[in-house]
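Chains as they are written, first to last, in this note's numbering: chain A, 1 to 108; chain B, 1 to 255; chain C, 1 to 108.
None of these hints come from the bench; they were simulated from the model. Misleading hints may appear alongside valid ones.
[Said to hold, decoys possible] Pairwise CB distance ranges, derived in the manner of DEER restraints:
id, chain 1, residue 1, chain 2, residue 2, range
1, C, H26, B, E148, 15 to 23 Å
2, B, G71, C, V51, 31 to 39 Å
3, C, V51, A, W5, 34 to 42 Å
4, C, W7, A, D86, 25 to 33 Å
[To be verified] Not the full set, but computed from the structure, chain C residues with beta-carbon under 10 Å of chain B:
id, residue
5, P5
6, A8
7, F22
8, F25
9, W45
10, L72
Quick reminder that beta carbons are idealized off the backbone N, C-alpha and C, glycines included.
The chain contents come next:
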Amino acid sequence: MNEAWLFAAQRLSAMVMAPLVLLHLGVILYAIRDGLSADEILSRTEGSLFWGAVYGLFVLAAAVHAPIGLRAVLREWGRWRGAGLDIAMALFGLLLLALGLRALAAVL
Amino acid sequence: MKRACHRLAETGYDEPVMAMLEVEIWRGGEDGAWRSYAVPHQANQTVLDVVTHVQRHIDPSLAYRFACRVGMCGSCAMTVNGRPRWTCRTHVSQAARKGRVRIGPLRNLPVIRDLAVDMAPFFEKWRDAEARFVPSKEPPEEPVRPDEPERRAADAGIECINCAVCYAACDSVAWNPDYPGPAVLNRLWTLVNDRRDGDRDGHLDAAGAGCHLCRSHQECADACPTGLNPTAAIAGLKREVFRRALSGGARGPRQ
Amino acid sequence: MRRGPWWAFLLHRLSGVALAVFLPFHFLVLGLAVERAALDGVLDWTENPWVKLAEAGLVVLLALHLTGGLRLLLLEFGRWSDRQQSRIAVAGGLALLAGFGFLAAAFA
Numbered sequence: 001m002n003e004a005w006l007f008a009a010q011r012l013s014a015m016v017m018a019p020l021v022l023l024h025l026g027v028i029l030y031a032i033r034d035g036l037s038a039d040e041i042l043s044r045t046e047g048s049l050f051w052g053a054v055y056g057l058f059v060l061a062a063a064v065h066a067p068i069g070l071r072a073v074l075r076e077w078g079r080w081r082g083a084g085l086d087i088a089m090a091l092f093g094l095l096l097l098a099l100g101l102r103a104l105a106a107v108l
Numbered sequence: 001m002k003r004a005c006h007r008l009a010e011t012g013y014d015e016p017v018m019a020m021l022e023v024e025i026w027r028g029g030e031d032g033a034w035r036s037y038a039v040p041h042q043a044n045q046t047v048l049d050v051v052t053h054v055q056r057h058i059d060p061s062l063a064y065r066f067a068c069r070v071g072m073c074g075s076c077a078m079t080v081n082g083r084p085r086w087t088c089r090t091h092v093s094q095a096a097r098k099g100r101v102r103i104g105p106l107r108n109l110p111v112i113r114d115l116a117v118d119m120a121p122f123f124e125k126w127r128d129a130e131a132r133f134v135p136s137k138e139p140p141e142e143p144v145r146p147d148e149p150e151r152r153a154a155d156a157g158i159e160c161i162n163c164a165v166c167y168a169a170c171d172s173v174a175w176n177p178d179y180p181g182p183a184v185l186n187r188l189w190t191l192v193n194d195r196r197d198g199d200r201d202g203h204l205d206a207a208g209a210g211c212h213l214c215r216s217h218q219e220c221a222d223a224c225p226t227g228l229n230p231t232a233a234i235a236g237l238k239r240e241v242f243r244r245a246l247s248g249g250a251r252g253p254r255q
Numbered sequence: 001m002r003r004g005p006w007w008a009f010l011l012h013r014l015s016g017v018a019l020a021v022f023l024p025f026h027f028l029v030l031g032l033a034v035e036r037a038a039l040d041g042v043l044d045w046t047e048n049p050w051v052k053l054a055e056a057g058l059v060v061l062l063a064l065h066l067t068g069g070l071r072l073l074l075l076e077f078g079r080w081s082d083r084q085q086s087r088i089a090v091a092g093g094l095a096l097l098a099g100f101g102f103l104a105a106a107f108a
């Protein structure tokens, strides 16, 4: 893998996610008051272009960011290197993307 | 004066003995062990003085390395009470804890015997990254002024004495066999900032193969005996390699 | 021997791994939203104070990874500053604040 590109993807996805995480934390603190319910969540998200775009971007960036970070941890602490690790991490990214988009489709 | 010199020649000391130090020194190779020695403690005594005392007065078979004794050559680095240090410029009073000093070989390098490590991997990474000045084909049209920003940036990292203290302090070196280490990357950053150097892109490509493995622990900057900050240099490399990757310039990593 | 920046790194890495492990489960639960009753089942379970406490932990992890990540972006892409320890303190403090905010909102 080209480390320079992985680094660029990791930092760019971080820059994309920083404001989104801040927003997400705000939503969490706001929504948790008087408890969570499916109705409450869905009333916010259903048919909303804004939340669809925000969380769509969030899912995409997280699916890029998490596998690259995990790859570094496994290389350094797990002593796992080479093509096997890269394939496993690509699959993990795809899994996150698929589950994330499925979740998004469920709440939109 | 004559008398003092005579005393020095005879006992190795020109200062009164203050107390005895409890010194532990690593003996043997990777599978060696700590061995204890009692060494007289004196004012202004360096850790290298302690090692030299043991070698001259207690056990002549002790292997260690030094040359200049004034912090220029970078050959006397050892692990002192868990910290990599240049032993010729480290006073025992700075390093000792409750009158105890434990002196071992540098971390992250193969131990040859006792306090001598094999420096080859350190210098091989230096060579593989081609971290050396490449003269530009033509001299710069503008004269290089000492106070211009590029020159200042280059000067910031130039006082490296290749002692490998940063290399021993670095966890990324311990965790990644391919990581070139702080000293090599600091050198590449110096070259990238040097307007007289003719291969800026080549240096950036070399840095791109490994600089991302720096986790910004800043142990190198903390340990560097000449007060350099390799972490800041590596951050500069990451930034420039990032810019180059985005502009589509980067070749694949050279590994 | 290890100092502030090393511990900041460790927290950043551990919070990152924890979030990467949590994320697929988070997506799976949200995917239940197609059937409101199923999602409400899970949300009822989160009313348990111990689960709320665990969620506060997740909020701290997310906030920690955010502030730690911003610190890293500043370190790598900004001008070098020697005030690294203060930045670490600010990053940690803000993350804890987010956790307390969550607890205050959840148990209000």
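Quick rundown of the hints versus the structure:
About 52 Å separates the C-beta atoms of C/H26 and B/E148, a value inconsistent with the hinted range of 15 to 23 Å. Checking the proposed 31 to 39 Å range against B/G71 and C/V51 shows it is violated: the Cβ atoms sit about 59 Å from each other. At roughly 40 Å, the beta-carbon separation of C/V51 and A/W5 lies within the given 34 to 42 Å, and the hint holds. Against the hinted window of 25 to 33 Å, the Cβ-Cβ separation of C/W7 and A/D86 comes to about 30 Å, which satisfies the hint.
Taking 10 Å as the C-beta contact cut-off toward chain B, the hint placing C/P5 at the interface holds, the least distance being around 4 Å. The beta carbon of C/A8 comes within 8 Å of a beta carbon in chain B, closer than 10 Å, and the hint placing it at the interface holds. Among the interface hints, the one on C/F22 is violated; its C-beta lies about 22 Å from the nearest C-beta in chain B, farther than the 10 Å criterion. Residue-level restraint check for C/F25 is violated (minimum Cβ-Cβ distance to chain B is 27 Å; threshold 10 Å).
Nearest Cβ of chain B to the Cβ of C/W45: about 37 Å, over the 10 Å cut. The hint is violated. Of the supplied interface hints, the one on C/L72 holds, with its beta-carbon coming within about 7 Å of a beta-carbon of chain B, less than 10 Å.
Hint violations for this structure: numbers 1, 2, 7, 8 and 9, all remaining hints satisfied.
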